[in-house]
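Going down the list, the protein sequences come from chains A and B. All residue numbers for the first sequence refer to numbering that gives the first Met the number 0, where the first residue is 0 and numbers rise by one. All residue numbers for the second sequence refer to numbering that gives the first Met the number 0, where the first residue is 0 and numbers rise by one.
By construction, these hints were calculated from the structure, which means they are not laboratory data. Remember, it's a predicted structure, so these values are computed and weren't measured experimentally. Note that CB positions come from ideal geometry on N, CA and C, so glycine has one too. Hints are not guaranteed to be accurate.
[Claimed, not checked] Under the rule of at most 30 Å between Cα atoms (straight-line distance), these lysine-lysine pairs were calculated in the DSSO-like manner: (1) K155/A x K257/B; (2) K156/A x K264/B; (3) K155/A x K127/B; (4) K127/B x K156/A; (5) K53/A x K38/A; (6) K264/B x K116/A; (7) K116/A x K257/B; (8) K299/B x K127/B; (9) K112/A x K127/B.
[To be verified] Residues from chain B shown here face chain A by an in silico Cβ test under 10 Å; the list is partial: (10) N68; (11) N70; (12) P71; (13) P238; (14) L241; (15) A243; (16) L247.
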Amino acid sequence: MTMTSPTKQVQPSVDAYVEDRAVLDVRGLWKVFGPRSDKVVGSPLEELSRAELKERTGCVAAIRDVSFTVRPQEVFVVMGLSGSGKSTLVRCLTRLIEPTAGEVLLDGEDIRKASDKHLRELRRRRFAMVFQHFGLLPHRRVLDNVSYGLEIGGAKKEARYERAREVIELVGLSGYEDSYPDQLSGGMQQRVGLARALAVDPEVLFFDEPFSALDPLIRRDMQNEVIRLHREVGKTMVFITHDLSEALKLGDRILIMRDGELVQVGAPDEVVGAPVDDYVREFVRDVPRSHVLTTRWIMRPPLPDEPLDGPELGPDIVVRDAVHTVLRATRPVKIVAGGELLGVVTSEEILAVIAESPGKPEEGK
Amino acid sequence: MMAALSTLSGGLRRPLWPRRYLLAAVIVAWVLVWLFVRGQDTLQLGGAELTPLHARLNEGSEAIDNSRNDNPLFLYFINYIRLFLDESITFVQGLISQPSFGRPLPVIGWLGVVAIATAVAWLYGNRKVALLTLAGFVSFGLLGLWEESMDTLALVLAAVALSLLIGIPLGIWAGVNDRFNRLVTPVLDFMQTMPTFVYLAPLTLFFLIGPASATVATIIYAVPPAIRITAHGIREVQPETLEASTSLGSTPWQSLRKVQLPLAKRTIVVGINQTIMAALCMVTIAALIDAPGLGKSVLKALETLDVGTAFNAGLAIVVMAIVLDRLTSAAGRRVETAHRAGRAQKPGRRRIEVAAVLVVTAAAVYLSHVYVWAAEFAGDANVGPYVRRGADAASQWAQDNLFVYTSAFKNLITYSLLNPFEALLTGSPWWLIGIVVIAFAAILSNIRVVIMCAVSLGLLVGLGLWQDTMVTLASTLVATVLVMILGVAFGVWMGRSGRVDQVLRPVLDAGQTMPPFVYLVPILGLFGATRFTAIIAAVVYAAPVAIKLTADGIRGVSSAAVEAATAAGSSTWQVISKVQLPMARSAVTLATSQGLIYVLAMVVVGGLVGAGALGYDVVAGFSQLQLRGKGLAAGVAIVVLGIMLERITRTAARRADTVARGTR
């Protein structure tokens, strides 16, 4: 279970000054639907609320001035309720929907400026997408579905079938090469979708709510599958979901959207531990905090007379995993990073987090 | 009246019920006024009389006739099209129906044609359909109508090939391009609501009487379903599937070829089926402008009221319709299961089967090319005369024995509905009718339709056929009332019972695929040549669509609502009258609108069997040179009448729709 825990090496305190290279750099992205939508951005109209804008111009702003960066090999989750613009956002990143304004830089190159031909080239080699309802071609076998991207890229038949077989093996569908999509279960169909995206060996994988059409058990399998694949092939992933637990489970960082606007970006423990507003707080209310928060979030400065000879733990250990050590220790557990004492945790802090049952307002602290 | 109008324009949001009273009030007022001004300003016109407009149209037609050999438009464009069409049809006829290429017989004789048709049915459909095709084609010979059937088939094949050549590319374009789709949709609407007979006459002006005009008319009629259904098939493809293809870097052309077309294939085959059926329908009707084939046999027999001969040829048309329909439907189903079935069966075995079928077919074709017995259908195997005599006897028997019932029915409808209505319409001054129509339009729809009605009424007066228009309108409305009685009765029955639906739907489907000429024969046998026959023919033609639409509406009513009503203790009748019909109101209104259009489409056919008025004017225009202008004007009048009625009922349907949604 700890292998699937969302906490990875990216540390909230560290990323403030380590400016990693951005694979994807989105700046001031807008998407406005409606008549003369190009006139909205850059005019006073862009200040209006969603309803007012609709009233005044008939336009709907699906994405409003969203900026973020995605780092190499990161799983970046965009989450929000339906209608929050997350699916539009991911389509704008690949220009399946043409953005109204802003920049989408892939390795520093603005894909909005790409010609049709160049854009196709990018789609064929640099990024690929997995869809909510799979989007498979029902008249083609699994093998031909998976090799579709290579086929339109002009790959020779033997070459593309060889690559397709590799990827089919990778997603665990060996033996189903000659089946048709409607002969497979939903989960297996989505594995085909995944294989199709992986076949072109893209740098960035986009997932548009890939598992929301699946039932819960299959969904969990597929989530673990994505985690496994991420570990094996190490792609950068942008993952859209409306399911918070999925976001927390998969995401290195999470972007929360509401009404087309960015509300908060941060690591899972940041979102849960320090929600920026009531909207996010309401969102994360039901999350079992001990599964997400790390010792960093519950430690406190040592009291003057406290003995400091207890066991040591790192600041990025999830509370749930620290329970045993802390409860067994007879003394406060020291939270240490790089030889420096950051604080202490005792059974009192641990129990406070665990006892904070989901749904109830925070007590005591 | 004006006060009522002004309150109405603002009354859109009010509940529906006052409109019922308003409509009744308009009708009462109409009858009252009619009592006083009866017979004034009725704009009568004698049968051979012409208005200056008709005379001018005559002159215009003559001018077009005369310019055929010197006007550059004709010389470099239209004449070439005509020649091309004539040549294509002569070529196909030479292959299967007419002596040609210096031979006393067609290139492929009956045995060859039967073999080819059966082989096509076998390879593209299945064995059952192959058997049906075999039996059907042999029956053409047995009925003594081989040559006529082949002429019809030749025309259908040529017209379908051209229609698909035009229709499928345009359909694909409309499928991928929104702007083109928006552009082409109203044009197709217009082409499909325009009664078919109306454009026959103008076409002959440009393409002369004969196969070329018939082909153009058939293409006009058969192309809309090809375009529409192809576009629909392309648009039906899941947007996400297309997106997935795009997201992997497909060019639009790649997406079309590898995703959209393969997925739309089945729907496109349905489109081909519809195109073939439409073409067959029109090819028989085109007999009016001297298209060769079975239609001509029926038409000639109808003109001499020879029920037996008409029935014989009509039977051949029905057989051809069934064979072509089944064949293409089976091919469509096969497309769907093609990849699986094809793989399930060992490719080797399939290859042997195909080879065997092809060898036998080739042998049959060769035999039919070389030997007379395989080329010319044996004359002594002709059962046509027996069919003819049998039909004559049946018709005679029916007229003798059922006369009491049929005439009672006829008199009931004629005296209770048709005569009073016709008297009211033809006896009213034109301005009174105008006011009533505009009041109806105002009550039932919106200001745009009111304006359109005013313009249409002006046109109708201007065309100089006001009296005829009113007579036609009376029969049209009476026929529509009958259609709706049938539509609601059977529609409710079908909508409520799955079993009834299963039994009736194939019958209705068959009724809709039959060319309308075919109904005329038995109806003519029963009722003789009167305007009543025309009404019944129109009802038979229009009822299936009205019944189906109503049934679909009733079926569409949420079962929860019906359950709730039943649980509350409603009787069956209460469920129907208080829940199902009110909730299916928009479907019923749509059924009325469509029923009206279908009835109107039969006006000209009615003209052939005793209905006077506009239908007769059009038919007379085909045959008599000096009435050509009047026939043209009558055709335009039918179109104008159709557009006007269709607009009123369609907007009324849309309003019923919004009301139904608003109260839900």
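| said: Checking each numbered hint in turn, tell me which of them this model violates, lowest number first. | reply: 3, 4, 8, 9, 10, 11, 12
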